[in-house]
Amino acid sequence: MSENLSFLAKRTALQSRIEDKINKNSLLGTANDYGAKSFYDFLRPEDKNKKIHLCSGTACLMSGKVDEIKRKILKDFKEEEIGEVNCLGHCFHNNAYFENFQLNFHESSEDIHHLAQLESPILLGQSLSIQELHDAIKYALEQDPSHLLNEMTTSGLRGRGGAGFPMATKLEICQNTPSSEKYIIVNGDEGDPGSYSDRFLLENRPDLILFGLLVSGYIIGAQTGIVYIRGEYPKAQEVMNTVIENWRELGFLGENIMAKGHHFDVIAVQGAGSYVCGEETALIASIEGKRPEVSVRPPYPSTKGLFNKPTVVNNVETIANLYSIITKTGYHFSQIGTTFSTGTKLISLSSLFNKPGVYEVEMGTPLEYVINNCGKGLKVEGKAIQVGGPLGSIIPLGMLHELHIDFESFEKHGLTLGHGSMILIPKQFPMIKLIEHLFEFTKNESCGKCVPCRLGSAQGHNLIKNSNHKKVSQSIFSELLETMEMTSLCGLGGSIPLSVHNILQYFPQELKPYFEEDK
Amino acid sequence: MKKIAYIDNIPFPFQDGDTILTFAKRHLGDDLIPTLCHDPKLKPIGSCRLCQVEVSTKKDGEKTLLASCHNTPQVGQYIYSSSSRIERLRKHLLELILSEHRLECSHCDKGELCEVLPTIKQIGRAHFHYPHLTPKIANAKDSEHPYLRSDMDQCIHCYRCIQACDEIQGQFALSMAGRGIETKVIKGQDQNFSDSECVSCGACVLTCPTNAITDIFQSQEKLADKTTRTICTYCGVGCNLDVSSRGDEILSIRGSKDSEVNQGHACIKGRYAFRFYNHPDRLKSPMIRKNGELKNVDWDEAYDFIIAKIKSIKNQYGADAIAGISSARCTNEENYLMQKLMRAVIGTNNIDGCARVCHAPTALGMQRIFGTGAATNSVEEIAITDCMLIIGANPTCSHPVTGAKIKQAAIKGTPLIVIDPFKSELAKFADYHLQLRPGTNIALLNMMFYYIIKEQLVDTDFINHRCEGLDDFRQDILKHDPDELAKICGVPKKKVLAATQLYAKAKQAMCFHGLGITEHSQGTLAVMLVAQLAMITGNIGKPGSGVNPMRGQNNVQGCADMGVQPHQGAGYLDITDPIIQARYEEFYGSPLSPKVGLTIPEMTDAAGKDKLKALWLVGEDIAQTEPNAKKVKTDLLNLELLIVQDLFMNETAKLATVILPAASFFEKSGTFTNAERRIQRVNQVIRPLTGTKSDGQIIVEIMNLLGYPQKDYHPEIMLKEISQIVPFFAGVTWEGLGDNGKQWPVSSSGQETKVLHQQSFTRGKGLFKSAQFQESKEIDHNKKDYPFILTTVRDLIHYNCGAMTRRTENTQLSNEDIVLINPKDANEKRICDGDRVKICSKRGEIILTANVSDTVKKGILRTTFHFPENMVNFLTSDISDPDTLCPEYKVTAVQIEAYHRTQ
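Residue numbers (our numbering), protein chains in the order written: chain Y, 1 to 519; chain A, 1 to 903.
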């Protein structure tokens, strides 16, 4: 992505709202202004008249509630005033929609049910007291950054955003990249429909996030931290702004924190409606006010990221673990979970489970345990569970007993755990529709940069959409999936095929009428 | 140690900065790995994904797929350019790409620049095709622009155009809009080229691999029977151009890819504004004024008439009643011949050139301080300098290719200071813009010196070894009151201090100046101060530093080098020095006058006073471009013989006694010397238009008819003669110049010079000499009745008197001189954007269209001087720099008011 635009974007201050940042970037020219705004659901010039945004995400699709909500809304609004939004993070009741960018509910608006299935939870424990925070920050800033990095390495903490990359490695590369300016970013662009555990943390455990940000910033030598929160989470943004202000007042942020010589401040940046902003290079571009397109790697953000400076981007849940690692040692953390998946994992269960909500379980917990003991079983008859959103896995119910909540168990079966969201696919929901939904999602959310994602998803969508009257050639389709998987620039185009593969693999009979074998 | 990686099991060395793709291309050519989004000039974008290769840590080991365009080779890596999987994936990707690009090759304008067909050939089609995605872009076709065309439904979204606009021009006129499958390339806010910020440089056209973006000339290229490399005739950047032609028709122009000056880039003028060359207005026959009317005659009659007239005037009034004005648009060889004609054949030093009205103060001022009046450094050093200071220049308009380089460096963080009354494009990217009142350069520069001395930013070491006169200078400077200076120039002290620190503290700082320094009543003094600013901070004689005048015309440097000035002969040698005179006399074989000749303003003045009888004017329209144009016209009409040698019937030609139709730069060979002293070869593209002759040929023929044996005009032979008399041309030969030319001084062994004054200055020690600000008489005398200051400039679209650009499609982009006025002034005067306004000065009045703009400060007006219909020079004064007589174009006291037709 354009180095020049990043240099120019650096000339104006970071802004809490993407639109403000784009407007400040006047040196980038009107084409980039228009180009950036037209990328986002909430800024697109042609959608200015939209007053209502209904969810088009997978969880709401499975709940079947969207049509009902729309019928109700059409009484007060015109069809052309209704737009789409991709998941508002209320998948536990599927009642939410946006009215003038504020949350509104169709029926209930109960809060997230959350439970730590652990004796000493890492993430879902009690909120921290000011004294606890103070002591932890003071302790951390008294340590040498390399000591803290060692703790991180010992902890074995892997990224919770989906890729499972060891966090200490990123920190180390960035720490070793010389630069007077560095950035630490927490990725709260929890775009996977069905997943709302990050929203829970942002709204209810903001201290854990800021602590993780402060400490990881201290380790790499960053003086600025950014909490990027998706535009679909206005409450999280509000909470985070308040907490950041509190932290400043408490002297936890700012110049020379606790007289330990470290300067650090944080800004919460609110996204504006785009799934791909969860990809780290796109997220960085979004913060800069550029078009949030995916960039080629190398260079990786840890050497050249925000404003062309070394940057580390971590998922919300990942960074929330630092409090435990720093206060209780990396070794203590490494003893929780499995050898290669240490710690705990948050799971979000969708509304079609009997007890939907966010659960914290130890890595290695059997999947069936999560469904039966946490979720208390299924509300409707189902046939599969989508784990980890559109880029995750589709697992038939019959296979659940083989899996555990950890990276290895999923990898062994060619699956991915993703961010740990679980959506039940009801028995009557046609799998061909799910494939169509996945392609449509990609076709709309692709950043547009690479051929396999932008065009592959569109052509794939065409093929599947027409498959009831024109059978899809199996060989062309599998070649298409291979092309997308192997050649896409990022995980969006590259991982959708895995989901589709799962469906093809586990539901061959159901899909047979739509495909033809080649002669 | 060489780093080795294997391509298809064969070891090859790779370099730092290589990608797998560039590595493979260097060793095995372009055909090994297909790609549609790669352009070696641009950063890897990774959009087409066709360049997949397989890599392994060992021979035939487990292979991973990688896009070769943005991954780097590793030591010992095995890279496989092909496999059945790679073939399959490439074919599939290609089918996807072709589902949004229609192969309508029979009516495609892309010609040889098409990369789609060769890629299909390389990869092959798959066994299936995807249906075309229906055209989705409203107004995909854009044919509003005079040159650029687009059909975005043919776009394959490779991003190269957007990158070219960003990474080469830095214009950001292009971007993508939308998301997902709706993504599309846009210009501006999804507008036409004409309505966007596009500056028509054509970089996007050159890189676009399809017919999504083309220009009106591209389709013609395939008809060309030859491509000739030559040098652009517009500004002093000296871009190398590849001109495609068929017979005597020019089909298209592109920047030469391997040019050291422009690396394939060009601007709207060089690349597109060429169709003046065969415009119906071209003069095609000599003319003589008979009974008050200009009549076509043949060349012999014109020559006979001229010879007889010159002889009789010389006999009756002496050689000094004859004068010549040579042209910075002509070649070195032609300029040399013209001054030789005046000096050695006619016997007068009355020879001057258009540098008089632009950079004469630069030549003189820098000569006084350093000993040489030329740019000290090279444009390529922009890439390594730590600070850029631009004074009185607007390079993105007037020197676009250099301007783009400065802009690119500024964007990437090279500190930039702009000193200019106008908020130029570069000022927007600058760290400091010191927006001074026109005419107060000296006050501002003295402020900078004051702070350099006060803040102890003087490079004492450098000065002790290399310079003289600092003590007096220091005392003079410290007498200044910075508050008073700040008041004069209208720039806050703090800002000047900060900018001064930035410049003076930089390890190496480069200064560029333009006519905003020279075209003032204190022009030479200002240049001297600029030169001293570099000297006092030690910014001279090393790479990335220096004083670099932005020359306005293609060969204004060469014109002066060749002796086109009344006091110095070829090579800047003093004609009043008897030893030098003897040398010239021996070389030319004729007696020479030891008397310094007349400058251009003195010539016209002398004409008005009956002292000058004959004036020979080559390629300059002084009746439009000289200040106080009405007086100039009257003076010229008083001449007995006015010979005008030009392409067009310009304002001066209308007054001529004899007109000689000259050939354009496309129609002749020779050399131009650009602003960085680079002598480059101009190669004839087409034959001279029937009826015309090259300026060189005309002068040679006249010399012979006047009895001086001068060999026929051949640049090679001329260059040999020049190299024997101009010391810094000693090693210049036509052959030796090669494609990219050489920067003078060129030693007799052929060694060129990138940086001047490295060991010592040409004059020995660099000179410090202070100067005091003096308010222009124009302001002192006229500010009461004419309270506004008008400053004149040129814009991107047109070039000076516009004789060429006004005869191209450029007029569709701009067809009048527009005056800029500050919103506050406009409000007070009840002038709205687009209104007609009357501007008057003591000399005259004109009507222009107003553009209300905050790019000028209150009290300041700014306009161009391209259009004879507008005759902006009716307003300007004949006040000039006393040292060089360079006119004060930049400061005219005027009054402005809304103009109503009923008035």
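These are computed hints drawn from the structure, not numbers from a lab.
All figures in this text were calculated on a predicted structure; none of them were measured in a lab.
Heads up, a few of these hints could be off.
Below, simulated DSSO-like cross-link-like pairs (lysine-lysine); rule was C-alpha separation at most 30 Å, straight line [as the list claims (entries may be wrong)]:
1. A:K314 <-> Y:K24
2. A:K493 <-> Y:K10
3. A:K3 <-> A:K314
4. A:K257 <-> A:K412
5. Y:K24 <-> A:K857
6. Y:K24 <-> A:K824
7. A:K3 <-> A:K257
8. A:K314 <-> Y:K10
9. Y:K465 <-> Y:K65
10. A:K494 <-> Y:K10
Short derived list, chain A residues pointing at chain Y, Cβ under 8 Å [as the list claims (entries may be wrong)]:
11. L65
12. I120
13. Q122
14. I123
15. G170
16. A177
17. G180
18. I181
19. K187
20. K412
21. P415
22. L637
23. N638
Quick look at which bits of chain A chain Y covers, simulated, 3 or more residues with Cβ under 8 Å [stated by the list, open to error]:
24. 343-355
25. 391-397
26. 755-764
Glycine included, C-beta positions come from ideal geometry on N, C-alpha and C.
### Agreement of A:K257 and A:K412 with the hint, judged by alpha carbon distance not exceeding 30 Å
holds (24 Å)
### Message
Restraint: A:A177 near chain Y, CB-CB cut 8 Å. Satisfied or not?
### Response
Status holds, d = 4 Å.
### Query
Is it true that the CA of Y:K24 sits at most 30 Å from the CA of A:K824?
holds (25 Å)
#### Entry: Hint check: 8 Å Cβ-Cβ cutoff, A:P415 to chain Y
violated (13 Å)
#### Entry: Satisfaction of the A:K412 interface hint, Cβ to chain Y closer than 8 Å
Holds, because the Cβ-Cβ distance from A:K412 to chain Y comes to roughly 6 Å (cut-off 8 Å).
### Task
Measure nothing beyond the straight line between the CA atoms of A:K314 and Y:K10; if it is 30 Å or shorter, mark the hint as holding.
Violated. A:K314 to Y:K10 sits at ~69 Å, over the 30 Å cutoff.
### Message
Is the interface hint satisfied for A:N638? The criterion is a beta-carbon contact with chain Y at less than 8 Å.
### Response
violated (53 Å)
### Message
Given a cut of 8 Å on the nearest C-beta pair, is the interface hint for A:Q122 held or broken against chain Y?
### Response
violated (16 Å)
### Message
Restraint: A:I181 near chain Y, CB-CB cut 8 Å. Satisfied or not?
### Response
Because about 4 Å separates A:I181 from the closest Cβ in chain Y, which is inside the 8 Å limit, the hint holds.
### Query
Taken at face value, is the distance from the CA of Y:K10 to the CA of A:K494 at most 30 Å?
holds (24 Å)
### Task
So, A:L65 near chain Y? Judge it on the closest CB pair being under 8 Å.
Interface hint status for A:L65: holds (5 Å vs cutoff 8 Å).
### Task
Verify the interface restraint on A:G180: the C-beta must sit less than 8 Å from at least one C-beta of chain Y.
holds (5 Å)
Violation of the numbered hints given earlier is confined to hints 1, 3, 8, 12, 13, 14, 21, 22, 23, 24, 25, 26; the remaining hints are satisfied by the structure.
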